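Here is how the chains run, residue by residue.
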Amino acid sequence: MSADMSTDIAEAPGAPLLDVRDLRVVFDAEGGAVHAVNGVSYTLREGETLGIVGESGSGKSVHVLAMLGLIPRPPGRIAGGQVLFEGEDLLALPERRLRRIRGGRIGFVFQDPMSSLNPGMTVAQQIVEPLRIHLGLSARAARARARELLDLVRIPNAAARLDQYPHEFSGGQRQRVMIAIGLACRPKLLIADEATTALDVTVQAEIVALVQELKRELGMAIIWITHDLGVVAGISDTVQVMYAGRILERGPVDAIFADPRNAYTLGLLRSLPDLGRGRAGRQRLHQIEGSPPDMRHPPPGDPFAPRNAYATPRCRAEMPPLAQAPGAAPGHLVAAWYDLPALIAGERPGAREGLRPC
Amino acid sequence: MSTGTPLAEAPGLAAPAGQPALVREPGSLASFWRRLRARPSAVLGLAIVVLLVGVAAFADIVAPYDPTATDWGAVRAAPSLAHPFGGDEVGRDVLSRIIHGARASLGAGLVSVGLAVALGLPIGLLAGYAGGWIDALIMRLTDALLAIPFLILAIALAAFLGPSLTNAMLAIGLSATSTFVRLTRAQVRAVAAEEFVEAARSVGNPPWRIALVHILPNIVPAILVQATLTIAAAIIAEASLSFLGLGQQPPEPSWGAMLTVAKNFMDQAPWMAIWPGLSIFLAVLAFNLLGDGLRDALDPRQRT
Amino acid sequence: MLRFIAHRLALAVPTLVLASMIIFALQQLLPGDVATALTGEERDPEVVAFIRQKYHLDEPLPVRYAYWASGVLQGDLGESVRLQKPVSELVLEKLPVTLELACLAMLVALVIGVPMGILSAVKRGTWMDAAANGVALWGLSVPNFWLGILLILLFSVHLGWLPASGYVPPGENLVENLRSMAMPAFVLGNAIAAVMMRHTRAAMLGVLGSDYVRTARAKGVSPLRLVLRHALPNAAIPIITLGALEFGQLLSGAVLTEQVFSVPGFGKLMVDAVFNRDFATVQGVVICTAATYIALNLAADVLSAVVNPKLRRA
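Residue numbers (the UniProt record's numbering), protein chains in the order written: chain A, 1 to 358; chain B, 1 to 304; chain C, 1 to 314.
These are computed hints drawn from the structure, not numbers from a lab.
A quick note: this is a predicted structure, and the numbers were derived from the prediction, not measured.
Mixed in with the good hints there might be a few duds.
Here are the simulated distance ranges between beta carbons [stated by the list, open to error]:
no.: 1; chain 1: B; residue 1: 213; chain 2: A; residue 2: 291; range: 32 to 42 Å
no.: 2; chain 1: B; residue 1: 198; chain 2: C; residue 2: 89; range: 56 to 66 Å
no.: 3; chain 1: B; residue 1: 51; chain 2: A; residue 2: 317; range: 35 to 45 Å
no.: 4; chain 1: C; residue 1: 56; chain 2: B; residue 2: 278; range: 19 to 29 Å
Straight line, CA to CA, 25 Å or less: simulated SDA-like cross-link-like pairs of lysine to any residue [claimed, not checked]:
no.: 5; chain 1: C; residue 1: 54; chain 2: B; residue 2: 161
no.: 6; chain 1: B; residue 1: 263; chain 2: C; residue 2: 275
no.: 7; chain 1: C; residue 1: 54; chain 2: A; residue 2: 203
no.: 8; chain 1: B; residue 1: 263; chain 2: C; residue 2: 163
no.: 9; chain 1: B; residue 1: 263; chain 2: C; residue 2: 150
no.: 10; chain 1: C; residue 1: 85; chain 2: C; residue 2: 45
no.: 11; chain 1: B; residue 1: 263; chain 2: C; residue 2: 154
no.: 12; chain 1: B; residue 1: 263; chain 2: C; residue 2: 45
no.: 13; chain 1: B; residue 1: 263; chain 2: B; residue 2: 65
no.: 14; chain 1: C; residue 1: 123; chain 2: A; residue 2: 32
no.: 15; chain 1: A; residue 1: 215; chain 2: A; residue 2: 203
no.: 16; chain 1: B; residue 1: 263; chain 2: C; residue 2: 166
no.: 17; chain 1: C; residue 1: 123; chain 2: A; residue 2: 34
no.: 18; chain 1: C; residue 1: 123; chain 2: A; residue 2: 203
no.: 19; chain 1: C; residue 1: 123; chain 2: B; residue 2: 41
no.: 20; chain 1: C; residue 1: 123; chain 2: A; residue 2: 31
no.: 21; chain 1: C; residue 1: 123; chain 2: A; residue 2: 94
no.: 22; chain 1: C; residue 1: 123; chain 2: A; residue 2: 96
no.: 23; chain 1: C; residue 1: 123; chain 2: B; residue 2: 38
no.: 24; chain 1: C; residue 1: 85; chain 2: A; residue 2: 94
Some chain B residues well away from chain C (every beta-carbon gap over 12 Å; in silico) [said to hold, decoys possible]:
no.: 25; residue: 53
no.: 26; residue: 201
no.: 27; residue: 211
no.: 28; residue: 270
All C-beta atoms in this analysis are idealised placements derived from N, C-alpha and C, irrespective of residue type, glycine included.
Model the full structure from these sequences, guided by the hints.
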């Protein structure tokens, strides 16, 4: 697929906050190179919330980690592309300059708040770090700011908890601490990588609500990476579906949920327990059969084709470009050779479970 | 892992219960050999081991002189064509003594580790498989033995048994036994927790059959790795005991004992000290390289 | 944490008791009559009878053990037949020398091994990693008594910089003391340095691959601070625990090192006792070694508990 395709048809005018162009990431492993990210291009506006959905191995996490130099190198390496953040190509920056962006203008929240916080440092020590590095605050000022940040993420009795260690916090509170660290320097962009996956369902909802509130207060852009479409629905402006290191579909959140154009998106939607979109309550849950391709030998065509009941011979031979879906909302892009709405409409009602061959 | 910790299990070998043991499929011998060959350091180690074993086995043919024959013309003679490694304090050929000394060193390494495995394996099997108070008793005993540093225990044993090469081997073997008890037990517990053992049990196999047919073959790789590394430790231990006078008795040649004498002639005949030490170093290095290579080849997950 | 320490202590006591039984039982290995063997070259029937009576040799083994153990508990390790001195006195006299040697050797091992391990983990897969691993392999494979001889050859015989043997107490002349200890400490520390390097490398690799190190990198933390502030303290626990286990190796090695450099310590005491068939001294030295070793492991457990915040507040 070409790099320009998606950026040209992209959203609003003016320079975007983040402009990813044909990013490719490879892991050199024994038995061959693993092609983890295979030409990903998209843009993100200031203040936009982008939900990136996909199963593990889809490249959704790897590509954001790679663009900020956070994948282990070796074995990982960037095989091509550009990532413009506020006009600067992150991939071309030396590590020293990249370090000034990480934690400063781009904040992170990682998946497992247990393992992602240093067990040997107090919460204050961990929150203070980016403040001192990026804002150059004095120890005293940084500590005062750390206390404010704990207040901000709604941890009660913040002053008393500053000098506690991560293991003295509950899972949800730890994730609040992670968010406090991610937001410490008021970043332009917050990247949340599976930020709620390791949490209980009720805690998940709390964390999502907190991030939404903070976004209203602080106005940063967010990239929310998850395998859970349900979480994405509540938080995103735009949704992007990734599979086998490629974007298969991307568009405004309502368009994606109401009018999916890629069979993989449809499969994900059908596997959601409750869509609340007027479907019959007795609808059975679907599971996408098969497993993702071996990324040491990516298939030549559409990587989802082998699992896709709607796939055409062309799908197996040639990768479709990511382009404006015909008759869909503006900015709703899809990579598919087939016309999904037509195929679904052509099916008899009983045969609508085409994604699940058995 | 190392001669530095002869009594510690090689890291990663003592898999916690529930984790798969090292090599599972019987057909993997060929692929194991391929993985071993892919490691130059392991191949080098193996080559040196083969060379040393060959030299020791055919010492009578390879050695240019009788290792105990004295020659007054060669007393502390510098290395020359006639005596490439020089002569010792009573004119014996150092090269011939090195060649024959390989027997004591390798023999001690192999015999003592063989003894340690022969004792440690059944006891560890018993502890791991029987569990309960038998296990608790055996574990406390090995704890106690491990509390006495390897060489100190070996020296004490050799002291009470009396100085001779046989007793040194016995002392080293006994001192190393607890390592194999621990390793075997940990491996047995890991393997016994696996499904195929459960399956074998459910179809009515008697315990002894499960232990010998289903468990034992699966713990062999880990034992093999540890045994190789322990041979390295045992060679150093034998040389140490002989250096102290508790191993091979003169005039029979042994690398450790040659160093004891060499120490007194350091300024006049440094070659007497160089060659035996270099031989010990080479033998120990070879077994360490081979052991490290075996571990990596047997357990790809352990690779760092 | 007190409970944790109490638990460890409760485990250490039976280990020590069992170890003492094993050490005591060693004398059963003596060929022939124990009393005759214990008297060594002395063949006077009166002396043999005295020894037989003193060590209750007519009693069964468990009873003899009880006599011996109760003596040990009161600090009585028996009497050196050879030197006509209580073994405990000999041990107390020699122990400080070996402890100084062991501490200096551990210092050498830490100063060489830990930075090398950190470097090889951080620069994993580079030539620096390969070089550090090569140095470690050398340290593990070279017999320390040979290394001692080579160093004497170089620094004493050829260069004349350091004394080949002898020992000067630190109270007498600290500089001379350190000069006499330099080579023994290096030789003894060399092998441990290799082991510490491997432990440090493994522990650092584990920590450097952890999620919280990635978090720190995502915060923009500098590489130096990443290693020293985020990774090393968390890698310290296994390094301390495994390092303490090396103390046994240190004591083993000290026997030979002291022999090579004629350092009048614990190891020399033991070797001399072995050759003089002074079995009470041998037993005394071994039991003290085992006790020191167990105590050190206990100390390492406590220390790692102090370092680990999870255990600190528990």
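Against the structure, the hints come out as follows:
no., hint, result
1, B:213 x A:291: 32 to 42 Å, "holds, 35 Å"
2, B:198 x C:89: 56 to 66 Å, "holds, 60 Å"
3, B:51 x A:317: 35 to 45 Å, "violated, 58 Å"
4, C:56 x B:278: 19 to 29 Å, "violated, 51 Å"
5, C:54 x B:161, "holds, 23 Å"
6, B:263 x C:275, "holds, 19 Å"
7, C:54 x A:203, "violated, 75 Å"
8, B:263 x C:163, "holds, 15 Å"
9, B:263 x C:150, "holds, 9 Å"
10, C:85 x C:45, "holds, 21 Å"
11, B:263 x C:154, "holds, 13 Å"
12, B:263 x C:45, "violated, 40 Å"
13, B:263 x B:65, "holds, 23 Å"
14, C:123 x A:32, "holds, 23 Å"
15, A:215 x A:203, "holds, 18 Å"
16, B:263 x C:166, "holds, 15 Å"
17, C:123 x A:34, "holds, 23 Å"
18, C:123 x A:203, "violated, 40 Å"
19, C:123 x B:41, "holds, 20 Å"
20, C:123 x A:31, "holds, 23 Å"
21, C:123 x A:94, "holds, 18 Å"
22, C:123 x A:96, "holds, 18 Å"
23, C:123 x B:38, "holds, 23 Å"
24, C:85 x A:94, "violated, 71 Å"
25, 53, "holds, 18 Å"
26, 201, "holds, 32 Å"
27, 211, "holds, 26 Å"
28, 270, "violated, 6 Å"
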